[in-house]
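*Asks:* Sequence:
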Amino acid sequence: MKLASAMAAVVACGSAVLLAPGAAQAAAPQTIGEYQRWYYDDYLKIPEVQRAAGSRGEGVTIALIDSGVDVTRPDLKDADIRDGGGYGNSGAGESGLKDLGYHGTAMASIIVGQGTDENHLKGIAPEVTLLSIQIGAESQGETTHSEAIRAAVDQGADIINMSISRINPTGDLTYINPLDREAAAYALGKGVIIIAGAGNVEQTGPVIGPPANIPGVVAVSGLDKNGEFWTGAAEGPEAAIAAPAVEIFAAVPETHQLSGYGNSTGTSSATAIVSGIAALIKAKHPDLDAANLINRLTATARDQGPDGRDPQYGFGAIDAAAAVGADVPAVSANPVGDPMDGADTGASPPAEERSFLDEYLWVLVAGGLAMVLLVAVIGAIAARRTKPAPPGYPQPYRR
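Residue numbers for the sequence shown, in mature numbering (1 follows the signal peptide of the UniProt record, and there is no 0): -26 to -1, 1 to 373.
Simulated from the structure, these hints should not be mistaken for laboratory data.
Given the structure is predicted, the values throughout are model-derived calculations rather than measurements.
In this text, a Cβ means the ideal position worked out from N, Cα and C, and glycines have one as well.
Honestly, I wouldn't trust all of these hints.
[What the hints assert, rightly or not] Computed beta-carbon distance windows for the label pairs:
1) D128 / P180: 30 to 40 angstroms
2) E116 / S306: 26 to 36 angstroms
3) D54 / G316: 34 to 44 angstroms
[Claimed, not checked] Below are the DSBU-like pairs computed for lysine-lysine, each with C-alpha atoms no more than 30 angstroms apart in a straight line:
4) K258 / K164
5) K258 / K19
6) K199 / K258
7) K19 / K51
8) K72 / K164
9) K51 / K72
Work out the full structure: start from the sequences and follow the hints.
*Replies:* Take a look at the structure:
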């Protein structure tokens, strides 16, 4: 399937900006493979990494704590996506196989997209089991994140992807909910790692906030198309690793965007990429504990910026091939810390402040997704709801 050159709508912080047609759009990629090429093939070299791993993620479970996943998307129809339940005010009682927005579907497609050619979306680790845990589009509640993390662990996750952030309108951008801290400790104690987006400056502010700032959590920063620090990413000493964050191709529900696709920019997508690579590492080295799985990511990263760990790149830019295949000495401690480091044993914040501390928004609004939505695809896009998919394109999957 070829994607027609078209105007695109840029959605960030709930607003849409139309890009006027021009020469740059005339040169737009024409296939899904071309949209993915810069990061999937050229920068990360995922096909080579999958071959080196001898796996595309089989036997590994990633829990996606997000808005839910639309499993009717053609790119996800053959993926092993399971219902992990729902938590929080808007997620409680919901199915993880229902997307209350679009963000979870986009992240799922980056991780487990089922494409195998230029016309279909390819995931980083398409054979992993994806456990979709829904916490709603704007889920509030002091226990929302901690309950979701514990549920992921108890349902067999190896890796937890949190492409989300918590906003604290009181002004303390770095506050860590003690329940979240304890849940992170619970996960790591069971051998489960948590990978979270550092956040976007425009949505969450300039510093890395929760859950990415919890010690022991892998905080993912962003890279631009030149492999340099993406200036839209939040910064801080908690940064662990940087991954591609600009123009990452993803699927979205057709109820959100008729074309069913978008280009995403933000640390959300970078986080999904790192989670997929972590799954390939785990598939290759199934006996790794949490500390050594994280260490493979950080110890093999390409050091950029100031020597050593820094607030932009963390330990460096991700090197997927080295993370999977290099000879990495074992460690006894988590290189990004212990969740109980710096824990405040004093009183909880006043009730009037806790109400603010418990607000959640997706990376679109909080932790890092600016979606470039493709308005048109080949032919008459509006007719896709009533006509069969074009030849060579997967037929819609209904459940």
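*Asks:* Can the suggested window of 30 to 40 angstroms be confirmed for the beta-carbon pair D128 and P180?
*Replies:* 35 angstroms, holds
*Asks:* For K258 and K164, compute the direct alpha-carbon distance and say whether it is at most 30 angstroms.
*Replies:* 20 angstroms, holds
*Asks:* For the pair we were handed, K19 and K51, check the Cα-Cα distance against 30 angstroms.
*Replies:* Since the Cα atoms of K19 and K51 sit roughly 25 angstroms apart, the hinted pair holds (cutoff 30 angstroms).
*Asks:* Hey, K199 versus K258, does the alpha-carbon distance stay inside 30 angstroms?
*Replies:* The given pair, whose Cα atoms are some 28 angstroms apart, holds under the 30 angstroms limit.
*Asks:* With a cut-off of 30 angstroms on the C-alpha distance, tell me whether K51 and K72 pass.
*Replies:* 14 angstroms, holds
*Asks:* Given the hinted pair K258 and K19, is their alpha-carbon gap at most 30 angstroms?
*Replies:* 16 angstroms, holds
*Asks:* Can you tell me whether the CB distance of D54 to G316 sits inside 34 to 44 angstroms?
*Replies:* 38 angstroms, holds
*Asks:* Can you let me know if the beta-carbon spacing of E116 and S306 is within 26 to 36 angstroms?
*Replies:* 34 angstroms, holds
*Asks:* Measure nothing beyond the straight line between the CA atoms of K72 and K164; if it is 30 angstroms or shorter, mark the hint as holding.
*Replies:* 28 angstroms, holds
The structure fails none of the hints (numbered hints given earlier).
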